[in-house]
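*Asks:* If you read the sequence shown in our numbering, its first letter stands for residue 1, the second for the next number, and so on.
Heads up, some of the hints might be wrong.
In silico PhoX-like pairs for lysine-lysine, Cα to Cα no more than 25 Å straight-line [said to hold, decoys possible]:
no. : residue 1 : residue 2
1   : 287       : 206
2   : 227       : 166
3   : 206       : 227
4   : 227       : 26
5   : 166       : 342
6   : 228       : 206
7   : 166       : 228
8   : 131       : 287
9   : 342       : 26
10  : 228       : 287
If you're looking for bench data, these hints aren't it; they were derived computationally from the structure.
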Amino acid sequence: MGLQLFSFFCLLLLVGAIPLKETGGKVIQLRVVRSETPPQGRSAELYKHPWYEYLTADIAIGSNLQSFLYDFSTTSADLTVNFCTQHPPADPATCYEPLNSTSYRSENSYIASDFVSFGQYWNVSRQRFPKVHVGVNEHGFFGVVGAAWPSLATYGISPFWLNALKAEPQNMFGVFVSRNGQNNFLRFGGPLLPTECDVDNIRWHKLSSLSYWQFPVEGFLYGNFSKKIHQHAIMDTGSGWIGLPGAYLKEMMLRANVTYSQQEGAYLVECQRAYSLPPLDLAIEGKAYQIFSSAYVDTRNPLPGGMCVVNLKNSRGAFGADWTFGLPFMQSYCTSYDYDNKRIGFADNLF
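Can you make the complete structure from the sequences, with help from the hints?
*Replies:* Written out as structure tokens, the structure is:
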């Protein structure tokens, strides 16, 4: 069976991609942030890992443009604003002070609204958002800017993301993450950047759910271990790993002679052996994708003893999906998110 599935993956490489030639859109920079705590709203126990990596963006709120760092999340539809709990705040650099904004409005106990600006391009004059009273955040995170579907919006609030896209020629956005994590961009209202991504050959996939950016996965190959499956994956800009069913992961690591560290909460491999690990081949709707060990093994941040973290982990059915594709996938493939056509697209990362 393994040989048959390997042949199946080879045939997939011959499948032609759908060309896309579009114009328009604007670009802002994203940052990959590493923290010892998970993004807001996630359980540290469920996502046990030595650290967390996620994409962030700068957003300004209020008449006085209080600018802070936000978790840019494809698993949320909310603009979550971290309100200060003290007036004046102990550290105004990490929380939103509504008393300093003349455009602030409190609609009820749960909902507020204010002027919101994203980068230098997009202004929403009256954006509603749920109140979150977290106070000063030691990591400097101000909240979450969600880019998922409206069905996930708290209190039925129209998402900031879609409100901002109304002014753009196309109801879509794209994300590019460089292989070293240092140069990352958001393409808003248009196609991906042709200098970083193979935009003429975006491979599109219909979504299997209009909540998260979810799509079907048909099979995978890892070394001599392969499976034909009927499962689902989501894109997750809030994780630095690829999540998959624990039974598959355990067998993959066993065959690759990679052991789990209870102390680190992750699989570890000798850094000198990192690049000899097999790629993870994925079949998604008749198209093939390959994640090399250079993307899923963190050799940039070695642990004591010459060990490196393998950024493959048990998904535990997170977000109701079997697989979660985080930064290792996005560093391998540029991702394009199309609201109007209810689809997601992947293009080769050229950078």
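*Asks:* Take the hints in turn and mark each one as holding or not.
*Replies:* So, going through the hints one by one against the coordinates:
Between residue 287 and residue 206, the direct Cα distance comes to roughly 13 Å. Compliance with the 25 Å bound is thereby established for this hinted pair. Among the hinted pairs, residue 227 with residue 166 is inconsistent with the structure: their alpha-carbon atoms are about 42 Å apart, more than 25 Å. Straight-line distance between C-alpha atoms of residue 206 and residue 227 comes to about 22 Å, which keeps the hinted pair within the 25 Å bound. Restraint check for residue 227 and residue 26: not satisfied, since their Cα atoms lie roughly 40 Å apart, outside the 25 Å limit.
Between residue 166 and residue 342, the direct Cα distance comes to roughly 16 Å. Compliance with the 25 Å bound is thereby established for this hinted pair. For the hint linking residue 228 to residue 206, the alpha-carbon distance of about 19 Å falls within 25 Å, and the restraint holds. About 40 Å separates the Cα atoms of residue 166 and residue 228, which puts this hinted pair outside 25 Å; it is violated. A C-alpha spacing of about 42 Å is found between residue 131 and residue 287, which places the hinted pair above 25 Å, so the restraint is violated.
Restraint check: the Cα-Cα separation between residue 342 and residue 26 comes to about 21 Å, which is no more than 25 Å; the hinted pair holds. Of the pairs offered as hints, the one joining residue 228 and residue 287 holds, with about 14 Å between alpha carbons and a cut-off of 25 Å not exceeded.
Of the hints listed earlier, those the structure fails to meet are numbers 2, 4, 7, 8, in rising order.
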